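For chain A, the structure is supplied; the task is to place chain B on it using the hints.
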Amino acid sequence: MTPLSHVQKTGSLSSDFVRTPPVTFESLFTSVAHAAYGIAMRLTRNQADAEDLVQDAALLAHRGFDSFMSGTNFRAWFFKILINCYYSRRRREKSRPVTSDLDDTPDLYLYARSGQAGFPTQGPDPASLLLEKLGTERIVGAINRLPEEYRVVSTLYFMEDLSYEEIAGVLECPVGTVRSRLHRGRKMLQKALWQIAEEDGIVSQPADQEDA
Amino acid sequence: MTRLDRTNCEEAFRRLDDFLDRRLTPDEMRIIQEHLDICAWCTREFSFEASVLQGVKRKVRQLDAPTDLVSKILSQLPPEQEGQS
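As given, the protein sequences belong to chains A and B, one line each in that order. Letter by letter, the first sequence follows residues 1 to 212 in our numbering. Letter by letter, the second sequence follows residues 1 to 85 in our numbering.
Be careful, since some hints might not be right.
Unchecked claim - In silico DSS-like cross-links for lysine-lysine, where the CA-CA straight-line distance does not exceed 30 angstroms:
(1) A:Lys80 with A:Lys187
(2) A:Lys187 with B:Lys72
(3) A:Lys133 with B:Lys72
Unchecked claim - So, partial list: chain A residues that the calculated Cβ filter (under 10 angstroms) puts toward chain B:
(4) Val23
(5) Glu26
(6) Phe29
(7) Tyr37
(8) Thr44
(9) Gln55
(10) Leu134
(11) Ala142
(12) Arg145
(13) Pro147
(14) Met159
(15) Glu160
(16) Leu182
Everything labelled a hint here was simulated from the structure, so no lab data went into it. No experiment lies behind these values; they were computed from the predicted model shown. Glycine included, each C-beta is placed from N, C-alpha and C at the ideal position.
Bound conformation, chain A alone (with noise of 0.2 angstroms):
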């Protein structure tokens, strides 16, 4: 234990007086780091992808670290830093093509597909199995179908628990715009949900049950 370790930091020791509690970037990274290689990885589906994207945020942080204010969100300040790097290398690449049928998703769409399908809907927990037999790799397959705004605020919603506040400072956008994605968001997630249950033979295809 070395009380006077954050020192090394500022070097000085006026800076000392301003910064309290002690922090050091390396201790807030470490304890964030982990939390942005998951959204990282979520975001591009690729390992290697995915640590570049949180070394690129890291650098970022760490050149920038001075205009943090110490003892706010230092959480929602570097995955802010880790959004816009993503942003930045999306625009470099091609545009994706956008599932635009995911747009007009009824509401409670699973639930409802469920109870046709003979799935349950009811108990402690009625979409386990369907979700159980979906797999991770599906589920994070369906979020990536959604639109990039809906697709971007969904996984922060779904990997961490942040706030619609936190999400919107992290946006840099209203928080009544983060509400709306999120809405929107899960109703386009359910049908991605089924679209792939239904590609993937999880769930009987329309076409196979009129033959049926």
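Chain B in isolation, oriented as in the chain A frame:
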């Protein structure tokens, strides 16, 4: 959002997402809960939606970061400048 003194299925359903994310006031939460206590149909729908959200969270969070992630990244940061503020 309109003031909520009591609720029916339609009013409750309109607040489903906000209820699940605990975005309502304590009074609104209580009123929706009171409706769920007496409406089996809404309870099924709300429970299913909650189950989807929790299940998706559980699944997508099943992820391990590389063990050397932090050390690798920290080792590539530029060294601190002496006297940097």
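Taking the hints in turn, this is what the structure says about them:
1. A:Lys80 with A:Lys187: Status holds; Cα separation ~25 angstroms.
2. A:Lys187 with B:Lys72: violated (39 angstroms)
3. A:Lys133 with B:Lys72: violated (36 angstroms)
4. Val23: violated (14 angstroms)
5. Glu26: holds (6 angstroms)
6. Phe29: At about 7 angstroms, which falls below the 10 angstroms cut-off, the nearest Cβ of chain B leaves the hint on A:Phe29 intact, so it holds.
7. Tyr37: holds (4 angstroms)
8. Thr44: violated (12 angstroms)
9. Gln55: Holds, because the Cβ-Cβ distance from A:Gln55 to chain B comes to roughly 5 angstroms (cut-off 10 angstroms).
10. Leu134: It holds, given that the least Cβ distance between A:Leu134 and chain B is near 8 angstroms, below 10 angstroms.
11. Ala142: holds (9 angstroms)
12. Arg145: With a minimum Cβ separation of about 13 angstroms from chain B (threshold 10 angstroms), the hint on A:Arg145 is violated.
13. Pro147: violated (18 angstroms)
14. Met159: Interface hint status for A:Met159: holds (6 angstroms vs cutoff 10 angstroms).
15. Glu160: holds (9 angstroms)
16. Leu182: holds (7 angstroms)
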